[in-house]
Amino acid sequence: MDPFSAEGELINIHNHFHQGQYQDVVDFDTSSLSSENALPARVLQLRAQIALGHAEDVLADVQGVTGPELEAVGALAEYTTGDVDSAVKTVEKLAQSSADNATVQVLGGIVLQAAGKSDEALALLSQHSGNLEAVTLIVQIHLQQNRNDLAVKEVAAARRWAQDSVLVNLAESWVGLRLGGEKYQQAFYVFEELAQAPSTSSVRSLVSQAVAELHLGRIEEAQSALEQALQKEPDFADAIANLLVLTVITGKDPKALTSSLEQVDAHHPLLTDLAEKSELFDKAATKYKPKVAAA
Amino acid sequence: MQANSGMLTKFESKSSRAKGIAFHPKRPWILVSLHSSTIQLWDYRMGTLIDRFEEHDGPVRGVDFHKTQPLFVSGGDDYKIKVWSYQTRRCLFTLNGHLDYIRTVFFHHELPWIVSASDDQTIRIWNWQNRSLLCTMTGHNHYAMCAQFHPKEDLVVSASLDQSVRVWDISGLRKKHSAPTSMTFEDQVARSNANQTDMFGNTDAVVKFVLEGHDRGVNWVAFHPTMPLIVSAGDDRLVKLWRMSETKAWEVDTCRGHFQNASGCLFHPHQDLILSAGEDKTIRVWDLNKRTAVNSFKRENDRFWVIAAHPEINLFAAGHDNGVMVFKLERERPASAVHQNTLFYITKEKHVRSFDFQKNVESPTLLSLKKLGSPWVPPRTLSYNPAERSVLVTSSADGGSYELINLPRDGSGAVEPTESKRGQGNSAVFVARNRFAVLNTASQNVDIKDLTNNTTRSFKPPHGTTDIYFGGTGNLLIITPTAVHLYDIQQKKSIAELSVTGVKYVVWSNDGLYAALLSKHNVTIITKSLEQVSTLHETIRIKSATWDDAGVLLYSTLNHVKYTLLNGDNGIVRTLDQTVYLVRVKGRNVYCLDRAAKPKVLQIDPTEYRFKLALVKRNYEEMLHIIQNSSLVGQSIISYLQKKGYPEIALQFVQDPTTRFELAIECGNLEVAVEMSKQLDRPKLWTRLSTEALAHGSHSIVEMCYKKLKHFDKLSFLYLTTGDEGKLAKMAKIAEHRGDFTSRFQNALYLGDVEDRIQMFKEIDLYPLAYATAKSHGLEEECQSILEATGLTEEQLTLPQLGAPLTPPKPVVPTYKADWPTKAASQSFFEKALLGQVEGLSLEDETSAPTNGFGLDDAGDEETGAKRTGALVDVDDDEDAAGWDLGDDIVPEVEEGFVNVESADAGGAGLSEADLWARNSPLAVDHVAGGSFDTAMQLLNRQVGAVNFAPLKPRFLEVFESSKTYLPASAGLPPLVNYVRRTLDESDPRKVLPIIPRDLEYLATNDLQRGYDFMKTNKLEDCQRVFKGILHAVLVNAVSSESEVAEAKKLITSASEYLVAVAIELARRKFTPDMISQNPSNLKRSLELSAYFTIPKIEVPHRQLALLNAMNLAMRSKNYSTALSFANRILANGANPKIMESAKKTKAQCERNPHDAVEIEFDQFAEFEICAASHTPIYSGTAYEECAFDGAKYHTKFKGTVCTVCEVCEVGKHGSGLKLFA
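For the protein sequence lines, the chains are A and B, in the order given. Position 46 (the first sequence) corresponds to 46 in my numbering; numbering is contiguous. Position 6 (the second sequence) corresponds to 10006 in my numbering; numbering is contiguous.
Only chain A is shown next, with the shape it has when bound in the complex:
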């Protein structure tokens, strides 16, 4: 039986992970798990550690350990600590040797995509068999490539065999936010459901809810959700970024937020985009000149 399915023993830790409740994953009591589920649980816990910013610890933890799962975790940790080449190399090796391993697929996919090798990532992920996480990654990669059509297809296919899973709901909502229209509201419901139930609530789901509200034009609600999220985790870059966007939309001055975002994550896409566009502006502006210079 699939250990992640609704009846499996990993369902809770698995859901915690994907709902962004990383601390709950780390604190999860794995002692009562059956032996075949111990490894997947450990992988989840290690990944949660990485997500919490303890990649170095994880790296030390899996140093010299063999077995494709933990090696893949090691690669992810390496990538997170900045050792991109080594991570990609490890992943590529693993993709050769054990491409059928679900953990290798998922973690390999993440590393490859993050390193900008989307095609390779997709190739690795497409070998999955009934691995929902791989599906969500594929969806995300499609979305990042702006292939909404492919993402929609992927979700629709997954929905057929895994209707009730958190992952499918999330992936569908991601797509929904891209498509818009009525889908905004549906995505909002999913995120709200996760964010508002105490057992599933996390900063990430709160931010997601806020993003959906922002798209729905409910600025005030979005703002309160973002402020709530920042109260829980003041350094959450995406929350700051979205609040910044919201501030601009409401016509206020975003300077304070810009600087706090710079502090937290200087490489946030918002900042890099902005810097790039600023440069573009200056370049483009030079093409135009008045006929007569000002007196």
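Each hint should be verified, as a subset may be incorrect.
Said to hold, decoys possible - Here are the simulated BS3-like cross-link-like pairs (lysine-lysine), alpha carbons at most 30 Å apart as the crow flies: (1) K289(A) / K10080(B); (2) K11050(B) / K291(A); (3) K289(A) / K11145(B); (4) K10421(B) / K153(A); (5) K10176(B) / K10290(B); (6) K277(A) / K10152(B); (7) K11028(B) / K287(A); (8) K11019(B) / K11138(B); (9) K10817(B) / K10730(B); (10) K11199(B) / K283(A); (11) K10991(B) / K252(A).
Since the hints were made in silico from the structure, they are not lab data.
Given the structure of chain A, go ahead and fit chain B onto it with the hints provided.
Leaving out everything else, chain B in the frame of chain A:
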């Protein structure tokens, strides 16, 4: 007990066999006549026995309430009919005449008549006003078991053990007794003695129809309230339905089912139903039209003898071997659900409707549920799913069933649901957007189903589950008879449990943080994690509840609307004359459904609970507001405040001096306490005040109290401790005067006045003491004089060891000079506020006037206000907006080769939505949002000749920045970028467009006003910055209609005029007084600029300022003629009196000498504009250039330069016109 599906027992009494029942038409009372000779009067709502009437001998079989009078009638086996008053609780009189047991008695609905049926085979009609027998109807040849008046016509129907039912015409009787009394007394006597036959030989009452069909005795018969129908019940176990016309009557049908004698039957007052009761211990309900059994209720041991219906409300009563039961056939609570501002409910006709709280309108029928369940069972609950706009309806029919139906968008009459999904279950509620839970109580199973009605999971709820409710996202509240569980659907376990018994309903607060659990007599408030917050008990049944937005729970009992705060404080809001089910509170309106499922609005006064809530939340502003705006003074609120420890607030409400005193003492407000004590002047109060004042260190008040109380010793001691020797000496004098030696001694001691002490001792002949005192103080002379006076010598005395002489204590500080407060006087925030000391609390602050930087009174504030709102419309628009409508745009070709990937299936990246925006729109702003800055610039260049883009950079980045959000997705990967749209409902990628920050409306309501304010407050640099910002924001913007385009143009013109004006004034201010005095050409220029400042078309109040400024400057330079023209213009515009006054004065002065000292280039009579670059006039008729964007005018020599107003466009470059709307 019995398995009575659907029947709701409201009341049961235990007694001997009940033979007769009557409902009171108005009050919740029921009369029960018993086989044991007693008549009981019950309040079935409270369940209490109000009275007992025991004057009959033997069983009492018939009772009836009078419809309007406080009377009832009874008839028993003692052959007597008794008429009683339930007010005086006495039998008023007895009607004798029957010769055997009396079976039934009934009042006539309007005439003062009673009809009775007796075992003496007669039916008699009596007049209870003159206590006489009017008529005896004979014809039955066995016991007459039942006789009733027709509710409208002059008919009586009777049933007898002779197996017949008879209908009697009593119109003759009515004629006889309402005929005008034109006949003689003899005639009347003759007539009344004629007994039944009048002069035409007619009897007063004649048999109209004899209905034969029962083949055993008939026990009961009744008319239909409106239709010509009769129902009868007999010992042949049958219930028969008869119909009659004017001329005949016939049997319609028979209802078969009772397997023992049928003892009673009646028509349902409002529905097409027949009810019957029998000795087979059942009550049966029949369909009047189909004569089929609808329902039956069985009792284990008790045979039913009688059944009665309430005339108005949906209640029935049945008498059986061991008492009486009052019951309903069905729930009257209309199924309903509230979502935001809409109420969804099911009417009595089983139509789903909605009600909009904001508009107060009822929708037409959205859906008909006629086919749901059995026709006689109304739906029980309604659960609404806003995401899918679907409803989940449950019904108790068929052992519990639910139905999931989508609501149509608009109601278009009674639409049968096209598609519905149904199943078995007792409760069904939505638990998420796409899930609902179904409880099956019989199998004790909860299924979670998706919208296609497939079970996705299922679990066993805690033992004995009776109901389920939504429990917050992902949770269920599971109700068992003794507890409530919060159940996590995902984890399939109960995460919290609270023992509350008999919960029937759950009502969530609007913010989802709290819920109220309603049981029959209790309200328990819980948090969303099932922690109990408070609980309260009601003796009257609780029917419904709803939360207001501030977190106050309003609930309804049978006869009240009440409130409770979270802390459990509660009270009555208003009384109810009929039962209603609250659904929503908004301001002073409570929305509810009545029992007929009609939405109603009740008015309430929320002041009391709002005040209490504000008190609990310590929201003093709110409290203050309430106090000042409502008449909240009442004993209850005062005692509440006192009880809650807010005496100082309570003090504000009280008039009664005693209470005021108590409160003042309690909150330490001595001033008030003193005032009240003076008013009341009672020793007790002075004593209390003195104690309190002492604790406060207010010894002047203490002193006053002691004086009032004449506590001389205390007063002395007070003076001692405060060091007030003067007063102490006075006290000594007083003591001497009073001849109070103890007091005098005490005072002398305090004062250290030895002489006085000795003197006093001597006066009272206590020479030894006087001597000892003198001795110890070394007053030898005094000693001697004492010895002399007593005739003793020193040797004769034996003195004890004398100590050091007493020195009275000296206070360190002369406290008496001022009070030395030991306790801070508690002047609450609240009092201060009431005294108006707290700043920013004034209730007028909304209207506080902005300060005026020009040092003038607010120039025509009212007018400005009016102008502000219509600013965009009012600004003159005679500027020729040339170049705006010059045909179609030249959309720049998008050079970048977009790869068309729409049909490509294989990998590779696609176009982002941002790229699409540039494709979808010819507006520069959409290109900017999409990050395509170069094409945007190209567009602007072509439209308005924009060349200098640097000032637009913040706007470009602002628009770009606001268009994307960052959605955290898979851990380890960057967030997913999504694109914020202004076309919210659009999902066609070819039509989507980005959101634009600071749109036109925002600019008009925020930036523009800010600009005006800066203008007013003389912050011209800020003003300039704001108006430039407006121009840049409009330049890169989008609007949604043609009319908004016009508005945008006005905004641009207005901003442009202001910028020119401000630039002129700023240029003038560059001339320092020194520069002017040194160089006369500077003076000339300065005067010119001040004159030009009055030219741009800015708002009138602002122009007045410019004019005033120019006028004053001109005056100072003795340019009287120019000044005069400004003064005239000011007067023509009209403004506030101060400016007008000043203008008038100037005018008067100038008219005396209308000459200019300094010649300036300003022709007050010529038409001209001001060049925005050189700030010199452009007279009409001369050639000029302008900015294609903002319309600023320039001398031709400035062609090709950057416009000084917008700082973006090239002067004189004509474009296709700014495009804001595609």
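For this session: Would you check the hint for K11050(B) and K291(A), treating anything up to 30 Å between C-alpha atoms as holding?
Result: Holds, because 28 Å separates the two Cα atoms, which is no more than 30 Å.
Exercise. Do the alpha carbons of K289(A) and K10080(B) lie within 30 Å of each other, as the hint requires?
Worked result: With a Cα-Cα distance of about 118 Å, the restraint between K289(A) and K10080(B) is violated, given a limit of 30 Å.
Exercise. Hey, K10176(B) versus K10290(B), does the alpha-carbon distance stay inside 30 Å?
Worked result: violated (42 Å)
For this session: For the pair supplied as a hint, K10817(B) and K10730(B), confirm whether the alpha-carbon distance does not exceed 30 Å.
Result: Satisfied, since the Cα-Cα distance of roughly 17 Å is no more than 30 Å.
Exercise. Has the given pair, K10421(B) with K153(A), been kept, meaning a C-alpha gap of at most 30 Å?
Worked result: holds (28 Å)
Exercise. Would the pair K11028(B) and K287(A) pass a check requiring their Cα atoms to be no farther apart than 30 Å?
Worked result: Given that 30 Å is the threshold and the Cα spacing comes to 23 Å, the pair holds.
Problem set entry | Given hint K252(A) paired with K10991(B) - CA-CA distance at most 30 Å | holds (28 Å)
Exercise. Taking only the CA atoms, is the gap from K11199(B) to K283(A) under or equal to 30 Å?
Worked result: holds (26 Å)
Exercise. Between K11019(B) and K11138(B), does the CA-CA distance stay at or below 30 Å?
Worked result: holds (22 Å)
Exercise. Given the hinted pair K277(A) and K10152(B), is their alpha-carbon gap at most 30 Å?
Worked result: violated (89 Å)
Problem set entry | Given hint K11145(B) paired with K289(A) - CA-CA distance at most 30 Å | Status violated; Cα separation ~53 Å.
Violated hints for the displayed structure, listed by number in ascending order: 1, 3, 5, 6.
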